[in-house]
Amino acid sequence: MFDGFYREPPSYDNIRRAVCELKERFPFLKTFPIGKSVLGRSIYALGIGDVYRGTLFVGGVHGMEWLTTLLLFRFCEDILSAMTTGEPLADIDMARTLENRSIAIIPCLNPDGVEISLHGAESAGQLCAFVEKASGGDASRWQANARGIDLNHNFDAGFPQLKELEEQAGFTSPGPTRYGGTAPHSEPETRSLVNFCCAFDLRQAYAFHSQGEEIYYRYGPHTPVRSQLMAQVLASASGYKLASPEGTASHGGFKDWFIDCLHRPAFTIEIGRGKNPLPVEELEPIYARLLEMMLISILL
1 MFDGFYREPP SYDNIRRAVC ELKERFPFLK TFPIGKSVLG RSIYALGIGD
51 VYRGTLFVGG VHGMEWLTTL LLFRFCEDIL SAMTTGEPLA DIDMARTLEN
101 RSIAIIPCLN PDGVEISLHG AESAGQLCAF VEKASGGDAS RWQANARGID
151 LNHNFDAGFP QLKELEEQAG FTSPGPTRYG GTAPHSEPET RSLVNFCCAF
201 DLRQAYAFHS QGEEIYYRYG PHTPVRSQLM AQVLASASGY KLASPEGTAS
251 HGGFKDWFID CLHRPAFTIE IGRGKNPLPV EELEPIYARL LEMMLISILL
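Note that the UniProt record's numbering has the sequence shown beginning at 1, numbered continuously upward.
Just to be clear, a hint being listed does not mean it is correct.
[Unchecked claim] Pairs of lysine-lysine residues, derived as BS3-like cross-links and limited to a Cα-Cα distance of at most 27 Å, are as follows: (1) 275 / 241; (2) 133 / 36; (3) 23 / 36; (4) 133 / 275.
[Stated by the list, open to error] Restraint-style ranges between C-beta atoms, simulated for each label pair: (5) 122 / 224: 36 to 46 Å; (6) 85 / 288: 14 to 24 Å; (7) 246 / 86: 38 to 48 Å; (8) 17 / 236: 30 to 40 Å; (9) 138 / 199: 33 to 43 Å; (10) 138 / 91: 37 to 47 Å; (11) 279 / 50: 31 to 41 Å; (12) 133 / 86: 53 to 63 Å; (13) 85 / 52: 25 to 35 Å; (14) 132 / 84: 44 to 54 Å; (15) 3 / 172: 40 to 50 Å; (16) 141 / 186: 21 to 31 Å; (17) 20 / 221: 40 to 50 Å.
Calculated from the structure, these hints are not laboratory results. Cβ atoms here follow ideal geometry from the backbone N, Cα and C, with glycine treated the same way.
Hey, can you work out the whole structure from these sequences and the hints?
Right, here's the structure in full:
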């Protein structure tokens with residue numbers, strides 16, 4: 001990747017540049033937008049193989065959790081390099097592994113939120129005044145999209161229960177975090193991801209967040225029976241622990257919707273440990289710890 005990309009937070013300009021560079025270096029990579037954000041920024045997907053019935057990796061759902069975006073770019077670049085050179089990646093022959101499998105990677109679902117977290121309300125365009133007011137003048141801890149809707153509370157999975165929990169917790173209007181909006185799938189980012197999953201009939205999904213070194217795999221009665229064993233394998237490979245989200249995090253998430261609607265395995269991976277935003281210096285040690293798990297997740 002171009003010099004410095006993995007050594008600093010991923011601005012939207014650098015995300016676009018990274019997508020273009022990967023496509024130029026690896027012409028067999030599919031790159032395309034699955035939709036646009038509230039402010040018109042493209043939400044890019046990277047596809048290896050035909051994508052249909054593939055494994056999905058999603059990052060950058062929350063503004064402060066931008067390290068997940070760098071993690072997924074790093075993962076994608078290493079897979080592409082291994083396929084091109086024939087060198088094994090963590091002792092796995094990637095070209096052979098992906099002969100009958102495909103991968104879709106969405107490094108940054110919430111480009112507006114990441115920009116706001118990194119560069120302040122000024123990056124919110126026509127919504128600058130709203131973000132300035134809602135953030136109290138400090139947008140560095142912004143998690144939501146540009147309209148103040150937390151995307152991981154905006155999916156159609158237990159939405160009425162989620163709204164009750166949000167109200168009890170005091171999240172009753174748009175703001176930096178944990179407000180899911182007035183209706184599920186109200187946000188263009190959410191709809192783009194839902195439509196993408198349905199259009200390509202994706203067989204399993206991994207959503208990367210930070211932090212906590214935890215793996216979530218359950219949601220309601222439609223959790224596939226095999227999900228527990230899959231989660232145990234992921235936990236063994238990474239050293240992360242299996243857990244269940246609590247409170248307002250227990251409904252309305254992407255993983256929840258994927259399980260509840262599609263009845264297929266989906267997982268939330270909470271990378272790293274500490275306080276968001278995790279420092280960029282944590283990228284390499286986190287990636288080294290998770291690489292085997294991420295590769296295994298394609299095989300499951």
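inquiry  = Output the indices of the hints that this structure fails to meet, ascending.
reply    = none
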